[in-house]
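Input sequences plus hints: build the corresponding full structure.
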Amino acid sequence: MAEQPKNFGFGEDEVMLRDSARKFLSDHCSSDTLHRMVASDFNLDRPNDCVWDQGLWQQIVDLGWTAVCVPEGAGGIGMPAVAAIALAEEVGRTAFPSPLIATLSATFVLNACDSAAATAALTEIAGGKATALALTNAEGEWDSAATDVRVNADGRLDGLAAFVQDARKCAQFIVSARSDAGVGLYLVSAAADGLTLTPDSVIDLTRDQARLTFKQVDAIELAAPGTGSAAIDAALPGLLSLVAADMVGAGEWLLQTTVEYAKTRVQFDRPLGFFQAVKHPLVNVMLQIDNAKSLTYHAACAIDHEPAEALRLARMAKSEASDMAVFSSSRAVQFHGGIGFTWECYVHLFFKRQMHNQVLYGDAKYQRALLADLIIGKAA
Amino acid sequence: MAEQPKNFGFGEDEVMLRDSARKFLSDHCSSDTLHRMVASDFNLDRPNDCVWDQGLWQQIVDLGWTAVCVPEGAGGIGMPAVAAIALAEEVGRTAFPSPLIATLSATFVLNACDSAAATAALTEIAGGKATALALTNAEGEWDSAATDVRVNADGRLDGLAAFVQDARKCAQFIVSARSDAGVGLYLVSAAADGLTLTPDSVIDLTRDQARLTFKQVDAIELAAPGTGSAAIDAALPGLLSLVAADMVGAGEWLLQTTVEYAKTRVQFDRPLGFFQAVKHPLVNVMLQIDNAKSLTYHAACAIDHEPAEALRLARMAKSEASDMAVFSSSRAVQFHGGIGFTWECYVHLFFKRQMHNQVLYGDAKYQRALLADLIIGKAA
Amino acid sequence: MSESERKDSPEQAQFRSQCQAWLSNNHPGKPPVTIPQGALELSDPDAMQWLQQWQKAAYDAGMIGCDYPVEVGGGGKEGHQGIANQEMQRAKTPYLPNIIGMGMAAPTIFFHAQDDVKAELLPKLLSGEHIWCQGFSEPGAGSDLANQQTFAEKDGDNWVINGHKVWTSLAHFADWMILLCRTDKSDKYNGLSYFVVPIKSALGKGVKVQPLIKMTGQTGFNEVLFENLVIPDRYRLDAVGAGWKVAMTTLAHERGAGPLVTPASGGMATEGETGVSVSSVGSLIDLARSHQRLGKTAADDPVLRDEIIKLMIRRESIQQNNRRSAVAELTDHPMRIPLQSKLVSTEFNQDLAEVAYRVEGAASTLNRNDPNAPAGGQWPLAYMNSFGVTIAAGANEVQRNILGERVLGLPKSK
Amino acid sequence: MSESERKDSPEQAQFRSQCQAWLSNNHPGKPPVTIPQGALELSDPDAMQWLQQWQKAAYDAGMIGCDYPVEVGGGGKEGHQGIANQEMQRAKTPYLPNIIGMGMAAPTIFFHAQDDVKAELLPKLLSGEHIWCQGFSEPGAGSDLANQQTFAEKDGDNWVINGHKVWTSLAHFADWMILLCRTDKSDKYNGLSYFVVPIKSALGKGVKVQPLIKMTGQTGFNEVLFENLVIPDRYRLDAVGAGWKVAMTTLAHERGAGPLVTPASGGMATEGETGVSVSSVGSLIDLARSHQRLGKTAADDPVLRDEIIKLMIRRESIQQNNRRSAVAELTDHPMRIPLQSKLVSTEFNQDLAEVAYRVEGAASTLNRNDPNAPAGGQWPLAYMNSFGVTIAAGANEVQRNILGERVLGLPKSK
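Chains as they are written, first to last, in this note's numbering: chain A, 151 to 530; chain B, 151 to 530; chain C, 31 to 444; chain D, 31 to 444.
Simulated from the structure, these hints should not be mistaken for lab results. Worth double-checking, as some hints may not be accurate.
Listed next, with one range per pair, are the computed distances between beta-carbon atoms [as the list claims (entries may be wrong)]:
#, chain 1, residue 1, chain 2, residue 2, range
1, B, Q209, D, P62, 38 to 46 Å
2, D, Q119, A, G161, 45 to 53 Å
3, C, G59, B, A331, 32 to 40 Å
4, A, N198, C, G296, 35 to 43 Å
5, B, T183, C, S375, 54 to 62 Å
6, C, V63, B, G527, 44 to 52 Å
7, D, K37, A, L213, 25 to 33 Å
8, A, V201, C, Q179, 32 to 40 Å
9, D, K37, A, A267, 39 to 47 Å
Where is the CB? At the ideal position from N, CA and C, for every residue including glycine.
Here's what the structure looks like:
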C-alpha cells in the first residue's frame, strides 16, 4: 500500500470521467428505458434476443470510453486502470447493455500482448471497434490454459469457444488457441469465413452470450504460442476488477432502490424500513458494497502501481463483490415483497445481471480457494 | 426411519425418567446454587478446581441413572439409548457438574465390548462407580485408532492419555492402548500404581479434565488388541449423542433465560424483545435447538433400531448441536448486554460449557467433513 | 408392521386395508401430460383435468375428506384421513389438485359456514370437481393481512364487492374463492368479513382474472378484480366483522396446525423430463458429480461438500422435527414446530437452489430453453421461484415475528 | 517518499522531519513490564506509569495535541496531529495510555467548556499526567444512552451528584471523568447535562470505584458510585440541558468522525510473551499450521482455508474502506464509512477469535494458565473478551440502526 496513491489513482480526470459517465448513463439508460428495451417479451422460453442501443454506443465511442486504457502510443488516452473500473461501475449501476465491459476487458488483454498486431487492435478499439474475449472452453473452466480451440500449422483456427460475453455486439474476438508450443492469442473478425456464432439463451436480459465454432478460420496472431496464458494471466486482475465494479454499481442500485421502497411501502402501519428485520439486512448489504468497492479500487490501483499484488487483490475484490451480488439481489427481491417478484418491477433486471456476473471468472468460493493458495500456500 | 418407532423410543418409562431428572436437577442444581458452587473464585488464573456435589451423586446413583443403559444381565435397567440421552439433555439444562456423562459414555463403550471383564465393569457402573473414557492422545485427535498409550507384553500400560473428561470425579478409566496387534481397551483404577493424573486448567467451570500418564500400570483387558477401535466406533454414536444432548439442554437454558431477560429489560422505552434485531436471532436460536434436538433423538433411536445408520445420524446431530452451541451462547451474552459480560451473571457458566462441548469429538465442520465421506463418498 | 399400523384401532386397521386394496388396483399410472412440481404451478388445462379425475376417483373411494361428517360429503370417520394420506403416499399416487380447497377453504367453511352452505359446497370441493382459490393478498396488504381494502357493502340481502386481489394461485382454474375483505373502514381488525365467492360463474360479470407475470417470465399467479360483484348474504362465513377470526382458522390449517388433517397424496415421480427434483439434496449431489471445479468435480470440492452436507442436515432436521412434533411429550409448546414449517422449508429450498446454481458455474447463466443448460435449467429457475414462497403467505420476516411472539412470548414488534 | 509526504505543506514537511529526528533518538524501547494489548485493559500500575512517562515525553516533544491552540496546552498547528501519528506509528512506539482523555474528553472540553476550564484541564490531559475515564453507561442505560438516571442537583454555585455508573474503563487509574447525567427528570433528551468531575481526589469523599468482574474472571471495567459528590458549576460543559448535544461531540470523536484528530501512537510489539496478536489473521494462519485436523494441518483443511481467507478479505476491506473514506470524491455520504468502523472491527475480531479457537480443537478447552494451552490461551480468551466490544459503546444492534437511519435515511426503529 505504501506504493499506491492514497486516492486509488482517482485524480481529477478519472473523477470527471466517472461523473460524466454517471450522468450520461442515467440520462440515456434509466431503468424505465432499460425495461422497455430488454423486457418487452416476458415469455420464459422466448427466443434469444440481443437488444442494445447502437446509436448510444456510437456516442460512447465518441466520448472516448473505449480509448481510456488504450496507450497513447496506440491512439488512446492512456489513463490508469481505475478509469476503466470507474466506467464499469457506472455501467453496472444502470445494467447498461453494451459491449463496453467486453471491449475494456479486451483492452487489458491486448495491453498484455507484446506485438504490432496487438497495438493495431488497440488502435481499432480506441476508434470504437467492439471486441470480445473468447477464452473459455465448453466446460466453463476459467484457467487461462484451458481452451478447446487449436491453431493449425497454417495459422488457422479450429474448435470451440464458449461463454463469450456480448458476442453479438462485437465485431471481433480475441481467441485463445493451443498448438504444440502452447497457448497463443489470435484476433478473429466476427465476419470471418468458417466462424459460426451460436447465441446462448441466457437468463440475464441485459447482455448476450454465445459459443463460437471455428472451422479453418483465418486469424491474426496477437501473442505467440506459449505466451498466451501469461498474457491472459497478466490481464486477469483487470478482467476480475471490471466484473467486480459492474457488481458494485448494480449492488448500489439495488440498495438504493430497495431503501426508497422501504421508506414508502407501509405494512403494519409503519414504513417497511422501520422494521429492523428490513433495516439491518439493508445495512449489511451496504457494508458488503463498501467492502467490494474499496477492494475493487485497491485492485485496480494495484494494476498500475503494484502489479505483483494485483491478482491477489483482484481475487479479493471479485470474491467480496460476488457474495455481495448474491446478497444484495436476494434482499432486494425479498424486501420488495410480491411486487419484487414480478416481471414489471425493475429489480429482476439487476438480480439476473448480478447472478450472471458473480459466476464469471469463478464465484466467491472459487476465488477464495485460489487466494488460499496464494496467501497460505498450496494445501498439502 | 421406517424401522424406527415414531416416538423415537420415548415410551412411558423414558418420559418418566426424563421428567423426574428434570425435577431433581432443577431442585438440586439451580443456576444460583451452581454459581455459588463453581464460581466462587473469579480469578482468571485460579488453580484448577474440581467442584461437585458428591452427596448428590450418591442420590443419582440411588435413582438408578448410572444403570439405565446397563443391560439387565449385568445388573442394570436395560433401557434404550434414548434414556441416557434424555438424562444428558437434563444435565445440560442445568450445566450440572458430575461424572454422569462420562459414566454413560463409558457404558456405551463397555456395551460394545464382548468380554466378561466388560460385563463386570458394567455391573460396577450400575452400582454407581463413576467411570471415564481415556481414549484421546495429546494432539486431541478423535480417531479411535489414535492413542499414545502402549500395552506391554505383560499387559501393563505405558504412555499418555489426554483430554479425559471429568477425570477427577471418576474412580476408574477405560483406556485405549496399542500393541503390535492393534488397539485394545483396558480398565484402570484411578488408584493404580504408576498412574499419574495431571489436572488441566479448563475454561469450563462445570467440569474437570485431566491428562493421565501411565508407567507400568496394571490394567484389566476389556477388548483384546485389534478389537478396541471397533468397540469405540460402535459406541461413537452414543458418545456423540450424549454430548449433543448436553448442548441441546444448555441451549434451551440459554434461550429461555435470554427470552426472559428480553421481556423485562427496557431500552429505548421498549422491552428488548420488541426489537427484531433481538427477536429474530432468538427465533433462529430456537430453530437450531429444535433441529439439534430432533436429530439427537433420531440418532439415539437409531442406536437401538437402525445401528447401521447411527453414526451418520449422530454426526448430523453433533454438527447441528455444535453450531447451535456457539450461536446460542453468543446471542445470550450479546443480548444480555453489559450484564451478560459479567462474572456474576449465570450466562457464562453455560457459554463456557457450550464452548467445551462443541469441540468434543470434533466440531461441526469436522463432523460434516466425515459426513461428506459417508454420504457423498470420499473426495478424489 | 409400521409403528403407525401398530397403533391403529380395529376400525382404522380395516380402513387401512381397504385403502391398500383399492390403491393396488386403482393407481392412475404415469400422467399422459407433464405435471409441474406442485399444484400451485399448474397452468396446462389437460394436466389439471387429469389430476381432477384422480382426485375424484380417490374421493369416490372414500380417501378424501374421510374425517368430515357424511352430511357435508365426508366419510364420517374421524381420525382416518391420516391413514388415507399415509397409504396414498406409500402408493406414490399423484398429488391432489384442489390443494387450496382442501387445505384452507374446507376447514374454514366447515367451522364457520351455515349448514346449507356446507352441504352445498363441500362435496364438490372434496371431490375436486370445484377448484378453489384464496383471495387474501392485495397490493397494499402483503404480509400485513389485516390491511384489506377490497370492500363488501351490504345491499339488502346481498353484498356488493369491489376491489383488487393479487398473487391468487389457481384463480385461472378456480370455480370458487375464499375472500377476506373489509366491511368497516373504521376498525382495522374488527372491520373485516369473510366470504365464499363463486368466481368462474361470474367471469366477465363482476370478476376479472388476469395473470401476473413472475420475474422468471412464468405465469401461475393472478390478479382478480371485483367490480360490483353481487353475492348473497348466505355466502358470508361467521358474523360480519369476524373475518379476522375466520382467517385465523384458514391460516392455522394452511400451516398444518388446525384440527382437521388435510387430504394429501403424492410421491409419484412428477419431475417431468429432466429427472431433477429441485427440492432434493440428492439431485444437487448428482449435479455436483457432473461439474468440474478447480480440477476436480464439484462433489470433490471440500467447501461445496460442507455446504451440501449442511443442506442435508437441514433436510433431515425438517423431517425429524415434523416427526417429533407429533409426540406431545417431546415438545414443550404445541405450536413451536408447526409454526416453523413454512419458514424453514422455504428457506431450505432457496438455499438449496442457490448452492446448486453456483455449482453449475458458467453454465448457470443459461436459460431453460438453452440446449446446454445443465439439468434442463431447473436450478437457476428454482432459485428465482424460491422467492415467491419466502415472500408469500406472510413473508418470512413475519413468520419470525409470529414465532418470537406466539412461541417465545416476546412482545409484539409493531 | 510516501504519498502523504508528497502532500505535506512546507511547514508540515518540516514538522515531519522534527518528529522523525526526535523519534529516532527517543523511542522508549521495550517495556520493562508486560503491557496488555490495549490501554483499556491496563491493570498493572507499573505498566500505566511507564506508559504515562512515554506520553509525557511525546507531549513535551510536541507530538501530542499539536492541533490544539497553545493557550490550552496544544501545539497551535492545525493539520499536524495526523503527521505526528503517522511518524509515531512508523516508529512503532508504545500506545498512549490516556486514550479516553485524548479521544473523547479533550475534544468535548475543547468545544464545550469555559476558557478557564480548558486551560486548567487540557495541558495535563494531553501530557498524560491526568488519566481520564468516561461516565456514560449505567445499569439502566446500556445502548439507550439517553436513559441516564445519575442525577445532578443544583445547590447554589455547586452541583450535587448521586448515581451509579458502570463499565467505566480506566476508572481505577483515573483522575477525572467526563460525566453525562440527568438534571431534569421530565424530559428524556433535553433533561441531560454534561460535567467534568475530579474523581481521584474525591475517592472516599462522595466517589467510590469498584471493579466489575468480566465473564473471563478479568477486571478492567469498574462501577463508579456517586454519593452527594459536590462539584462547582464551572465544571459543567455547555448549557444546563445541553448534555445530549455535548455527548454527540464525544461520540463523534470516539468514532473518528469529529474534526479533531486523536493523538495516537502504537505499533510496538506489545503482545507479551506469546507473540500472538489476537487481531491478526497472520497469527491465525500460524496457529492453523501447527494444529492437526483429520490427518492434515488445519492450514491445509480447505473449509478452514475458506474461513481464513474470508477473514483476510474483511481485514483488507476495513483498511481499504478507511483509505477510501478520506477521499471525498469516492464516498457518497461522508459518514457512511466512519459510522461502520466500530461495528465491523468488533465483529471482525469476534469472528477471528472464534475461528481460531475452533482451530485449536480439544486444546481450546484449556485456560490461559494451563501449560498446554495453545498460543498461551489467548484465542479463547480473546473470543470471550470480544463480546465486551460488540456490546459496549452502543451495542452493534444500535450501530446498525444508526447506519440505517443516518446513512440510508430509513425511519427510526423505536
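Distance restraint evaluation - C:G59, B:A331, Cβ atoms, bounds 32 to 40 Å: Roughly 60 Å apart at Cβ, these two residues miss the hinted range, so it is violated.
Range hint 54 to 62 Å (beta carbons of B:T183 and C:S375) holds or violated: For B:T183 and C:S375 the Cβ distance comes to about 42 Å; the hint is violated.
Cβ separation of D:K37 and A:L213, checked against the hinted range 25 to 33 Å: Given range 25 to 33 Å: holds, Cβ gap about 31 Å.
Quick one: are B:Q209 and D:P62 within 38 to 46 Å, going by C-beta? violated, 55 Å
Mind checking the hinted window 45 to 53 Å against the Cβ distance between D:Q119 and A:G161? violated, 27 Å
Verdict for A:V201, C:Q179 (Cβ pair) under range 32 to 40 Å: holds, 38 Å
Using the beta carbons of C:V63 and B:G527, state whether their distance is inside 44 to 52 Å or not. violated, 37 Å
Range agreement (Cβ of C:G296 with Cβ of A:N198, hint 35 to 43 Å): holds, 36 Å
Regarding D:K37 and A:A267, is the given constraint of 39 to 47 Å on their beta-carbon distance met? holds, 42 Å
Consistency with the previously given hints fails for numbers 1, 2, 3, 5, 6, ordered from lowest to highest.
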